[in-house]
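Protein chains in written order, with this note's numbering: chain A, 1021 to 1673; chain U, 306 to 437; chain R, 3 to 110.
Don't take each hint at face value.
[Unchecked claim] Derived DSSO-like pairs (lysine-lysine); straight-line CA-CA distance at most 27 Å:
{"#": "1", "chain 1": "A", "residue 1": "K1284", "chain 2": "A", "residue 2": "K1440"}
{"#": "2", "chain 1": "A", "residue 1": "K1440", "chain 2": "A", "residue 2": "K1501"}
{"#": "3", "chain 1": "A", "residue 1": "K1585", "chain 2": "U", "residue 2": "K357"}
{"#": "4", "chain 1": "A", "residue 1": "K1357", "chain 2": "R", "residue 2": "K61"}
{"#": "5", "chain 1": "A", "residue 1": "K1570", "chain 2": "A", "residue 2": "K1585"}
{"#": "6", "chain 1": "A", "residue 1": "K1501", "chain 2": "R", "residue 2": "K61"}
{"#": "7", "chain 1": "A", "residue 1": "K1404", "chain 2": "A", "residue 2": "K1284"}
{"#": "8", "chain 1": "A", "residue 1": "K1440", "chain 2": "R", "residue 2": "K61"}
{"#": "9", "chain 1": "A", "residue 1": "K1404", "chain 2": "U", "residue 2": "K357"}
{"#": "10", "chain 1": "A", "residue 1": "K1284", "chain 2": "R", "residue 2": "K61"}
{"#": "11", "chain 1": "A", "residue 1": "K1501", "chain 2": "A", "residue 2": "K1284"}
It should be emphasised that the hints constitute simulated quantities derived from the structure, not laboratory data.
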Amino acid sequence: MAALGRAALLLSFGLVVYALVGGSIAAAKRRRRLALSAQNALLASFATTLVAAGVLWAALARHDFSFVYVAEHTNIQLPLGYRLSAFWGGQEGSLLLWLLVLSGYSALAVWLNRRTRELMAWVVPVLAGVATFFAFMLCFVSSPFGTAPAPADGAGMVPSLQNPYMLAHPPLLYLGYVGLTIPFAFAMGALLSRRTDERWIVATRRWTLSAWMFLGVGQLIGAHWAYVEIGWGGYYAWDPVENAALMPWLAATAFLHSVMIQEKRGMLKVWNMVLVSLAFLLSIFGTFLTRSGVINSIHSFSQSPIGGWFLGFIIICTVFAVGLIYLRLPLLRARTKLESLVSREATFLYNNLLLVALCLTILWGVMYPLLSQAVRGETRSVSKPYYDFFLHTFGLPLLLLMGIGPLVAWRRASLRALGKTFLIPLAAAIVTGGVLIGLGFDSSWPGLLAYTFSAFVAASIVFEFVRGTRATGSLFRLIGKNRRRYGGYIVHAAILLLAIGIAGSSAYQTVRERGLHVGQSLELAGTTLTYEGLQTRQTANAVETRAVVKATRGNSTVATLHPGKNLYPVTPLGPQTSNEVSIYHDPRNLGDLFLIADQIDRNGTLYLKALVKPLVNLIWAAGFLFLFGSLVAMWPDAVEQRRLAERYAAAPA
Amino acid sequence: MRRSPARLVIALSVAAALAVFVVYTAVAGAGTPQIQPSDLARHTDAVLLVGKVVSSSGDAHSTVGLRFVLRNVNGHPRARAHVLYHGTVPDLFGVSREVVVSGTLHNGVFVATDGSLSTKCPSKYTPAKKTT
Amino acid sequence: MTLALVLGAGLALAVVFFVARPFLREPAPTSDVLDEPSELERRRLELVEERDRALAALKELEFDHRTGKVTDDDYREQVGPLRRSAAAALRALELRAEATHERIPSGR
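Turn these sequences into a full structure, and let the hints guide you.
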């Protein structure tokens, strides 16, 4: 069966190479049948990749240890769900997942746009070009279909990967990462076909939005996973692997905004081409970082051959994008100019600059070890203080802009108009700031600023909805008739919640650590934590040790928590302990009381680390609101669809 | 502003961002060196020490602390670093595990910053376990 | 093993057939040229987009005025030029459409 998988991948490779070469010739020499044939090849590559994926999934499901990949990542005891998720648990399988999503998306995009033959003639070879790289890697460098004499049992899956997060996090991230390839391909296709209209933007708007949504949700799930499973008390560590997903997301956020300006005012055409390319290149760079171990390790490429291939591909794509944009610069002239620095276009521009600045500083931080090694011969790295500084410097103004943007009119806003619309949000911010300072929140100035700006943004968003509802009559109709705009405001509200949650749980958190004997207690934030004893439990594959800790406020018990450790005697890495944190969701501050059993001695001494993280649960709530807002913004609008169909129909003869 | 204020704004903003960046780097320093035990003797400043655990003993939560010995991840097979550490120890810590710890060399012993020990997870798909 | 062989061969055949289909369906077509929008069509598209932009901007201005984001003075100031550019775009499109109508009977 592995042979079928290999054959299917070889077919995929052949098909995408044909689509690339044949499609390019067809587009350049204007050959209709060849273009259609290339399109069919791209569609067929999804079928063959699906077959290959099916082969791997089937092998995983039936414990076929003759597949090296199955033997390396699963064992007989592993439940079916995790066996299937082992598909993306290793290098080769995750590459296959990437190709599967890419070919699926490509097939869908090509199918939905098959009538715009002239644009698709060039989009097909670009999509095929990206797929060629991944198919090549899967066929000749890193194949999931290697076979060997089947061992009696497989190596099994690392315990930390055996949880529902592993089922959701990578696929969602891939739906996001790979999704950014589609707008890139359409943009390059538009340039290659010398089109000056906005068709490619209209065609890819929902693709960009959905990729961005998946990437955002995927990251939040990853953060939640880190928070509850790895359990160091935080949710984001500025690790290169985490940044790998954040950077394309920031670039895509900037692109989503600036593309609106191009649609409305015909400006920023070159900028949008650069942004969409940046988002795509960062998505490839992101997966390259995650797999090659280039940054985490000290001495890079020699350790992982796959890194070299990816780097080469990134360079080729960068040269292609930059070269093409440069060659087509004359076509990308703006139709209008920015009329006023006080206009919604201008705020979008500032928003873009801040987002890109943040993205690039993160990129610099991630690349710094490699750059310093190359330039000074010594590897240096930056850490949390660096990232926090720039998150504050660029992120806080961004937060404020989120509130300012909706209040400013397009084209030109007079100061009188601004005075009217700004008045109440500004008042809300000042009052909030004053109250917070009075309550002692000035212990952290970034936190104080975040909260104050949030008050401004909250007031601004509420007013948008109130004013809009008054004008249209009902909230439902308001949102229904302006899905993009009000869906966008809902997403802004989600980002606002996210900002408040992050500010509260980082700027205003309390941490205490102590070694405790049974009966002793530790105090923090008005709560007393008393260590009552130890409990041990034996399960199928682990010994679970839990410390019983009672949390009391005054005379009443707030909760009983059970932080501890699990010992897994048998794993691919030998005996393993895993940290099991205990979290109490405190309704008083919408935050968490977070307990970590740092160390449990044989004599029963517990080294307890306790954190109070106010407002942290807003972060997860924000995820749901973000999802909802994105869906509203994406929701098809019959009126708009009709108008667009009429616009792009053939000219009346 | 008749001639495209956009260009001016962009230029000024980029300049401002760069200025902020340069000032920050000048003030806060350009990162921390990441070194292996073989290079340790040459550094008296705060560094990030990367190495593989050879042996360890003691208790990181006791006053005496955890003492462990690191060797190079690659090259210089004889190089050793002696580390004294207090604070949280990651679950994956153990002999032959690759770890990163920050601190400074004092009298031949690398005194680590409390809680700065982290391990690199051998699988490619989980980020390094952090303790701070 | 033979199952894999059969499936693989079947897949390969299906795929090759699908890719060759355009050539098999039309072995000797009258025209194999991939149409591209003529200069006329491109211009029309640009004008249509300009018209839609102007109309959308007008609609948004009206909405912003109704919700109180744009003052009466600002509205009066901006609505005139916007209406004019929308009208201009509509007129240009009509002219283009007329020109196309005239050209086709005589030009073809």
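Checklist entry - Straight-line Cα separation of K1570/A and K1585/A no greater than 27 Å? => result It holds: about 18 Å lies between the C-alpha atoms, which stays within 27 Å.
Checklist entry - Within 27 Å, alpha carbon to alpha carbon, are K1284/A and K1440/A? => result The given pair, whose Cα atoms are some 25 Å apart, holds under the 27 Å limit.
Checklist entry - Are the Cα positions of K1404/A and K357/U separated by 27 Å at most? => result holds, 24 Å
Next on the checklist: Between the alpha carbons of K1404/A and K1284/A, is the straight-line distance 27 Å or under?
Outcome noted: violated, 39 Å
Next on the checklist: Does K1501/A sit within 27 Å of K1440/A, going by the straight-line distance between their CA atoms?
Outcome noted: Status holds; Cα separation ~26 Å.
Checklist entry - Do the alpha carbons of K1440/A and K61/R lie within 27 Å of each other, as the hint requires? => result holds, 21 Å
Item to check | Hint consistency between K1501/A and K1284/A [alpha-carbon to alpha-carbon, up to 27 Å] | outcome: holds, 18 Å
Next on the checklist: Just to be careful, I want the Cα atoms of K1284/A and K61/R compared with a cutoff of 27 Å; is the pair within it?
Outcome noted: holds, 12 Å
Checklist entry - Regarding the pair K1585/A and K357/U, is the alpha-carbon distance no greater than 27 Å? => result With Cα atoms ~24 Å apart, K1585/A and K357/U stay inside 27 Å; holds.
Next on the checklist: What's the verdict on K1357/A and K61/R, does the C-alpha distance respect the 27 Å limit or exceed it?
Outcome noted: Cα-Cα ~21 Å, so holds.
Next on the checklist: Next pair to validate is K1501/A with K61/R; report whether the Cα-Cα distance is within 27 Å.
Outcome noted: Distance ~12 Å between K1501/A and K61/R Cα, so the pair holds.
The structure does not agree with numbered hint 7 stated previously, though it agrees with all others.
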